Amino acid sequence: MSNSPSAPSRRRFLTSTAAAAAATAGGIPLLSACGSDGAAGGGGEGRVAENELESILPTYRASDVAVEPDIPSENGSSPGYTSFIPEDELGVTVPQPKGNGGEYRVMSPLWGTPPSDGNAYWTAMDEAIGVRVRWQTQDGNTYGDKLGAVLAGSDIPDLVCVPGWELTGQIPRAISSRFADLGPFLSGDRVFDYPNLAAVPTAAWEASVFGGALRGLPMPSPPIGGVVPFYRQDIFEANGWAPPTDAEEFLSFCQDVTSARNRVWACEDMKWSAWIIHGVLPERPQYWEEVDGRLVNRYETDAYLEGLEWTRRLYDAGVVHPDAVAVQGDALVRFTSGESLMFNTGQGVWHNTLTEQRTANPDFRMNAFDYFGVGGADPVLYAGNGATIWTFVNKDLPEERIREALEIANFCAAPYGTREQLLRTYGVQDVHYTVENEQRVRTPQGEEEVVPETYTFIATPGHFVAASDVPQLVEDQTGWLKRQMPYVREPLFYGRQIQEPDQFTNLNDQFEALEDDVVRGRRSIRDVQDAAAEWRRNGGDELRDWYQRLRDEESA
Amino acid sequence: MSHSTVPRPAPPEEERPAERPTAGRRPVGRPRARRRRDPRLEGGVGFRQRLRRDWPLIAMTLPCVIALLVFAYIPIAGNVIAFQSFSPYAGDGFFDSMANSVWVGLDQFDRMVNDSYFWDAVQNTLVFSGLQLLFFFPIPIALAILINSILHSKVRAWAQAVLYLPHFFSWVLVITVFQQILGGAGMVAQTMRDNGWDDGFDLMTDPGFFKFLITFQVIWKDAGWGIIVFLAALSTVNQELYESAAVDGAGRWRRAWHVTLPALRPVIALLLVLQVGNMLTVGMEQFMIQRTAVGPGAAEVLDTYVWNTGIQNGQFSYAAAIGIVKGIFSLVLVLAANRVAHAMGEQGVYKRR
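Residue numbers (the working numbering), protein chains in the order written: chain A, 228 to 783; chain B, 27 to 379.
Quick caveat, the hints were computed from the structure, so don't treat them as lab data. Some clues are possibly wrong.
[Stated by the list, open to error] If you want the footprint, here are the derived chain B segments under chain A, 3+ residues with CB under 8 Å:
{"hint": "1", "region": "207-221"}
{"hint": "2", "region": "225-238"}
{"hint": "3", "region": "336-347"}
Quantities reported herein were computed from a predicted structural model and do not represent experimental measurements. All residues carry an ideal CB built from backbone N, CA and C; glycine is no exception.
Hey, can you work out the whole structure from these sequences and the hints?
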């Protein structure tokens, strides 16, 4: 997804998407069953053909223990659960441990402080699954550095989590050459051995096909990936402000509410929202659109330049918090402390921030404002892949070890309203949480051991929103999703992994740094146009032809 | 030269002048019988004898030699990937991948010469190093002399502790402190706003000022730590020299000039050689953290460039090529600086015999 030299901002916001430990009962299988005669891919580069894909993907079968949502899904939005489900009403998907006590080294990112080895939560999970997991967690913000080195070495852990934004440079190639094809265990009806994995939405499996084979265990994405534009609802309401509804209005509104003297700035870096507001194409590999029968790349579009220019004007007007300009500190902290009033990040932070802030500041409220377009036009939310974080299984594992590893994934993918899901997200009762007034409240030990997520990265069920402690959040979040769903559009080449030929690997490397320079006023839009021209010369045009052939083959 | 480098007893005093000019040749006019009687006096001990005599010393250095071999010398061989289009995933393990990667000759070096980003990084690196040499290098010397002049031992220990402490802060912390003071929402900016100067003071995102900013940061963080070596050198100065200088009527400044500084000269020369040799290595984390704030145009140095292209973007061969060139130039710089040190009559990093 990313091709950035260093992208702390992107990592941080996607991180929070990842942290949305989410599960759902009803996923929508998106598999289109048209059997076209595509010939691309199969092996290394390219993408797998439709009919081939059909034989690779696991068959979808909804979970029979899942709970009916309180707020049902609409147009593919995530279902919401507001009510509390007592322990004895929970479903059971894994009645007894399925593993044989095998030991697995698992490498995963971790945001926060890693809990100590052999802690009560990890032990409880291991016992319930019947395995012994040796966690090799790495700091999530610098995970890519470690990942590249580990995959380039010869001693690869048994299971390795790879977030989509780390699929840069040669990592996609590493995935094809280092990790096992799970097809023999999961394709078609074989997935029924693992009922919870069978209930994972097909869209997530589609995005888990690497190098022509099903290799990834997906963490299904929310229907709208990317960033959510948050605002401080409590401060807005206290001042009688309404969130802006137009790109121009946003600028003037920001200038009105910024008061540097009182240490209040209107927003953080809004570049990611600017893409949506201006309808900019997503990043590699879905970064093409067809104009008059010719593929046009994201970096060549006017929308891209307009989005940058709009963000530059925000910076120029001095409404962006200075620490955000210097990329220092934590945007979320500035937002919760009221120094910045709007910011965009993944939806995962929503629940945690609310519960955290409620103890210190009972009036604290945050909400997401609806995306708007430019001059009355609609915003464009390009649908993200069905999964953006995967865990892969080392190809050197023997067959029965792979099956046992899949049992770990099956346990982790248990849907909402089951004992397994409760154990994964809350830990053990009276150790990691207590039940008070029909609410589960984490103990300090729970905060320490369960909140820094680990097992979540091995697999999760489809996306859902559940918060019996803050029902308002479920309404806000599902409501926001429902209102944005009409603007969701599928980009070209949507859905699956595309591996570009090696010579194009580093073609886009310069753009992210250039964007950051432009919005901060150090370089001009002209420089971006020059960079796009250079991009065309250095292989962009060849890349276009390559994608065009891919497209011709698909529609043939 | 036939002299062994192992320690041996010095020859008798009267033999020295005769030995020097004829070094390498057997001293003439001496009866053979005498040498056979006591070979140690001749320096002609056989290899096996020396081995028997010195093996404990060799055994003691062996772990270091092995560590150096395994972690420094053998990896040098990995540099061959600079002449390939290397992919670590072309095979199982490094050697297999290397065998499967295509040889491209000097293509990577060719690309480097034509890569404007690379030259930007070189330029930034040299500018930063130059500024550090100019502004950072003398400060620990001055501080050491200052600390040394404090006689009260408690005050001295306290001052030393205060000066050492910032060295143990991480760069993240140091830069956060700077952001809180010099940033756009920092102490200075807010104080100015409170007094009606609303012109957006922000030194942390100014690409033009960046080179001074980072020099300032380095001084703040590491100047105190740098005085350790100089203090050690100062502690060896014979106090009697000061006393006799004082008796001869030398004031404080003259004593510093004629006693303290000459005592520090070899250390200064040594560190200067090392500093010059390290000119292409100015640090990394400091620049990684502030890269986006001022842009790669102002903050990219060679090491971050290698990291970005190599590790982040997976162009291992290109990064290796840059690494080789950097290594060669660093070596040349050390040798050149050392030569200058010798010309100044100092030992430098190694001594010429």
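Results of checking the hints against the structure:
no.: 1; hint: 207-221; verdict: holds (count 8)
no.: 2; hint: 225-238; verdict: holds (count 5)
no.: 3; hint: 336-347; verdict: holds (count 6)
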